[in-house]
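Trainee: Full structure from sequences and hints, please.
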Amino acid sequence: MNLASLIVFAGILAVAAGTPGPNVGALVARVISRGHKGVFPFMFGLWLGDAIWLSLAVWGLAALASTFHMAFLVLKYAGVAYLIYLSWKMWVAPVGETPDDNTIPRQGEAGKLFMSALAITLGNPKIMVFYLAILPTAVDITHVSLAGWAQLLLVMFVVLAAVDTAWVVLAAQARRFLRSPRMMRIANRTSAGMMAGAAVAIATR
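According to this note's numbering, the sequence shown is numbered sequentially starting from 26.
Be careful, since some hints might not be right.
Unchecked claim - Derived DSBU-like pairs (lysine-lysine); straight-line CA-CA distance at most 35 Å:
(1) K114 / K151
(2) K151 / K137
(3) K62 / K137
(4) K114 / K137
(5) K62 / K114
(6) K151 / K62
Because the hints were derived from the structure by calculation, they are not lab data.
Mentor: Here it is, written out as structure tokens:
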């Protein structure tokens, strides 16, 4: 696969990934409420879900996704339910117990964050539709080799990692100004609203 095609794909994906949406809202809310430590499992869950949908699009397995529509739907609402649970936890969190940015996540939390993000992404087949729409603008997906598929995945991971990391940095910087109990309570409840909004947006897609 030539470099020009990969650059076009990366540019389109970067614009789409940088646009605020439910996934970005959930990510930012998590960072503002709990700090940036331990957010990587959530990010990786989002990326892996995208990688699966990209692979299905590349290999023309849209029919397979349709066959297992109900399973993807269950995953979607499982992820939504966990986002709502996180939203409630943020809303009622005592400000005195809000961890700082160096707090290590509790045991088991990383796995839950990863699975919720993966479930959210796999529960949204529109992501595959997006890849089916943009891939032909950059590559001929009817003749993608194994090496070409690997290159697309690599570009996807790099772009999503860069964009999501930028959002995390911005959210972490915003969190630095929210140290008083009053401001922290406002931040927690704003984050709770963002998380709940993300859950609703994902559920209604």
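Trainee: Mind checking the alpha carbons of K151 and K137 for me, to see if they're no more than 35 Å apart?
Mentor: Holds - the C-alpha atoms of K137 and K151 are around 23 Å apart, at most 35 Å.
Trainee: Please verify whether K114 and K137 have alpha carbons no more than 35 Å apart.
Mentor: holds (14 Å)
Trainee: Does the alpha-carbon distance linking K151 and K62 stay inside the 35 Å limit?
Mentor: holds (30 Å)
Trainee: Holds or violated: are the alpha carbons of K62 and K137 at most 35 Å from each other?
Mentor: It holds: about 15 Å lies between the C-alpha atoms, which stays within 35 Å.
Trainee: Sort out whether K114 lies within 35 Å of K62, counting only the CA atoms.
Mentor: Within the cut-off at roughly 18 Å; holds.
Trainee: Between K114 and K151, is the straight-line Cα distance small enough, at 35 Å or below?
Mentor: holds (29 Å)
Hint compliance for this structure: every hint is met.
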